[in-house]
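*Asks:* Protein sequences, first through last, are from chains A and B.
Count the first sequence with the numbering used here and you get residues 7 to 223, in order.
Count the second sequence with the numbering used here and you get residues 7 to 223, in order.
Since the hints were derived computationally from the structure, they do not count as laboratory data.
These numbers come from a predicted model, not from an experiment.
Heads up, some of the hints might be wrong.
Output of the computed footprint for chain A on chain B, the stretches with three or more beta carbons under 8 Å from beta carbons of chain A [what the hints assert, rightly or not]: (1) 26-33; (2) 105-113; (3) 123-136; (4) 191-197; (5) 209-221.
Part of the chain A face toward chain B, derived, beta carbon under 10 Å [to be verified]: (6) 58; (7) 62; (8) 63; (9) 203.
Covered by chain B, per the in silico footprint, the following chain A stretches (three or more residues, Cβ under 8 Å) [claimed, not checked]: (10) 20-26; (11) 69-80; (12) 128-137; (13) 173-180.
Just so you know, even glycine gets a beta-carbon here, dropped at the ideal spot from N, CA and C.
There are 2 protein chains.
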Amino acid sequence: MKKISILKPVLVSNQERARANRKFFDRGGSLVINIIASPGAGKTSVIESLIRRLKSDYKILVIEGDIRGSSDSARIKKLRVDAIQINTVTACHLDAFMIARVLPRVKRKYDLILVENVGNLVCPAEFEIGEDFKLAVLSTPEGGDKPAKYPLLFHLARVVVINKCDLLPHVDFNLTRAKKEIRKRNSRALIFEVSAKTGAGFGPFVKFIKLELSKKR
Amino acid sequence: MKKISILKPVLVSNQERARANRKFFDRGGSLVINIIASPGAGKTSVIESLIRRLKSDYKILVIEGDIRGSSDSARIKKLRVDAIQINTVTACHLDAFMIARVLPRVKRKYDLILVENVGNLVCPAEFEIGEDFKLAVLSTPEGGDKPAKYPLLFHLARVVVINKCDLLPHVDFNLTRAKKEIRKRNSRALIFEVSAKTGAGFGPFVKFIKLELSKKR
Numbered sequence: 007m008k009k010i011s012i013l014k015p016v017l018v019s020n021q022e023r024a025r026a027n028r029k030f031f032d033r034g035g036s037l038v039i040n041i042i043a044s045p046g047a048g049k050t051s052v053i054e055s056l057i058r059r060l061k062s063d064y065k066i067l068v069i070e071g072d073i074r075g076s077s078d079s080a081r082i083k084k085l086r087v088d089a090i091q092i093n094t095v096t097a098c099h100l101d102a103f104m105i106a107r108v109l110p111r112v113k114r115k116y117d118l119i120l121v122e123n124v125g126n127l128v129c130p131a132e133f134e135i136g137e138d139f140k141l142a143v144l145s146t147p148e149g150g151d152k153p154a155k156y157p158l159l160f161h162l163a164r165v166v167v168i169n170k171c172d173l174l175p176h177v178d179f180n181l182t183r184a185k186k187e188i189r190k191r192n193s194r195a196l197i198f199e200v201s202a203k204t205g206a207g208f209g210p211f212v213k214f215i216k217l218e219l220s221k222k223r
Numbered sequence: 007m008k009k010i011s012i013l014k015p016v017l018v019s020n021q022e023r024a025r026a027n028r029k030f031f032d033r034g035g036s037l038v039i040n041i042i043a044s045p046g047a048g049k050t051s052v053i054e055s056l057i058r059r060l061k062s063d064y065k066i067l068v069i070e071g072d073i074r075g076s077s078d079s080a081r082i083k084k085l086r087v088d089a090i091q092i093n094t095v096t097a098c099h100l101d102a103f104m105i106a107r108v109l110p111r112v113k114r115k116y117d118l119i120l121v122e123n124v125g126n127l128v129c130p131a132e133f134e135i136g137e138d139f140k141l142a143v144l145s146t147p148e149g150g151d152k153p154a155k156y157p158l159l160f161h162l163a164r165v166v167v168i169n170k171c172d173l174l175p176h177v178d179f180n181l182t183r184a185k186k187e188i189r190k191r192n193s194r195a196l197i198f199e200v201s202a203k204t205g206a207g208f209g210p211f212v213k214f215i216k217l218e219l220s221k222k223r
């Protein structure tokens, strides 16, 4: 079990690097959100929806983490927002060192930096990158048992966005039970119910993000 | 990047252990399928559907891989089929050593051993466990871009089961394009379109599994 025996020192050195990233982001006055979800939960669609509602008032950067390819950063650039693509190649998560390597490309001050992690509910939760907070996206077709099966992410996430609520009539997802499962891991989690497809539910979510942005000014 | 520098030797030692597991399974004449998918793609539901259609004719064992908990193996046991739960704690995938540790609990001969890996499209594809083949489950709400974003799994999977086809009218999933994306990584992949919820599409899939089982006799 080689991987497990080295995990602790790797995480400690990662945490030091995350603190240095944090200082960089603080100097720019940026709010940094680490967005974590399963593949296909709708991370990029949620980011696009936020951008459309915020880009006229705030400078936004998106950092995209993917094993390969740049299809997500291409989607972001179509909205005329800056995007940096990181390809992790074999790694199933972003870590603080990968973020540090792209910081020299962050040339201007951004109000909001949205980091889209690799689609995975496990390791991305373990590696801090210098974020203000973690935001988990849980989509209704995945089922409400995910907070119990992947407890660390839901324990750590300050915000949980339940996405694809437009599919609720067609899937077996008990919203009340899912929220209870989330609160069991994290009694203070803020939960927003949205549909990136229809736009429903983004009002309170955007209001919260604006409140967080105002604290940085 | 400590993790990457040790990845190769870890994989080599894993492969040796996988070969030893393979010999164990061969002695029992078992067909072993390593089932890999995102969280919530419906791996357990697909396994339940297979069990219902096969358990009267074949001896089946399910090995469940989860970070924590035993909710999936509890579901399997309800169908009166043997199940062994592995909790990976921090690891985002099963490896050959975790499988080797539970082999002493495999006391009888099974025709079919279904291994449900941890919900993750990245690392489970990298670690052989001694399987006959990998089976990927891709659910329609995840979107058809997943084969391009997680190419290794779709390159290696002999079988791809497209699940939740009952949701096709409600989600943006182009079946033709998705199959093209799969075939681009793996021209010989067998693709089955199913709905574990309605039972649609299981005929050809079960026929294929029975054919593979007949080769072991």
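*Asks:* Hint by hint, note whether the structure agrees.
*Replies:* Verification of the supplied hints:
| no. | hint | verdict |
| --- | --- | --- |
| 1 | 26-33 | violated (count 0) |
| 2 | 105-113 | violated (count 0) |
| 3 | 123-136 | holds (count 7) |
| 4 | 191-197 | violated (count 0) |
| 5 | 209-221 | violated (count 0) |
| 6 | 58 | violated, 18 Å |
| 7 | 62 | violated, 27 Å |
| 8 | 63 | violated, 29 Å |
| 9 | 203 | holds, 8 Å |
| 10 | 20-26 | violated (count 0) |
| 11 | 69-80 | holds (count 5) |
| 12 | 128-137 | holds (count 3) |
| 13 | 173-180 | holds (count 4) |
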